[in-house]
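Sequential numbering of the sequence shown, starting at 0, is according to numbering that gives the first Met the number 0.
No wet-lab data here; the hints were simulated from the structure. As the structure is a computational prediction, the values presented were derived from the model and not from experiment. Treat the hints loosely; a few may be bogus.
Stated by the list, open to error - Distance ranges between label pairs, derived from CB positions: (1) K36 to A14: 32 to 38 Å; (2) A41 to N20: 29 to 35 Å; (3) R21 to A41: 27 to 33 Å.
As the list claims (entries may be wrong) - Subject to a maximum C-alpha distance of 25 Å in a straight line, what follows is the list of computed SDA-like cross-link-like pairs (lysine to any residue): (4) K36 to D50; (5) K36 to D48; (6) K36 to L26.
Note that CB positions come from ideal geometry on N, CA and C, so glycine has one too.
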Amino acid sequence: MTAPAWQSSGAAATAVSAGANRVGAVLASRMQASATKLTEAARDYEAMDDDGAAALAAVDSGALSGYPRGDGGAGGRGLPR
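Please build the complete structure, drawing on both the sequences and the hints.
Listed below in structure tokens is the structure:
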């Protein structure tokens with residue numbers, strides 16, 4: 000004996016819905032893992048940037064006194080003013 004059409008279509012819809020829920024859970028897990036990796040990378044880059052800024056701030060401006068003071072742009076042609 001076969002099931003009525005509405006019952007078989009309901010069972011198919013339930014199966015598809017369950018499958019979609021499983022796929023959604025897997026994708027959510029992968030997205031969370033990717034987001035975690037991206038967050039860690041962003042923190043690493045931020046730390047490197049902070050370290051670079053600190054190193055530049057620590058440079059003694061008197062140490063650069065032997066260099067020309069030109070702006071280095073096309074208008075100044077890199078020459079002292």
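### Task
Please flag the earlier hints that this structure goes against, numbers listed from lowest up.
Result: no hint breaks.
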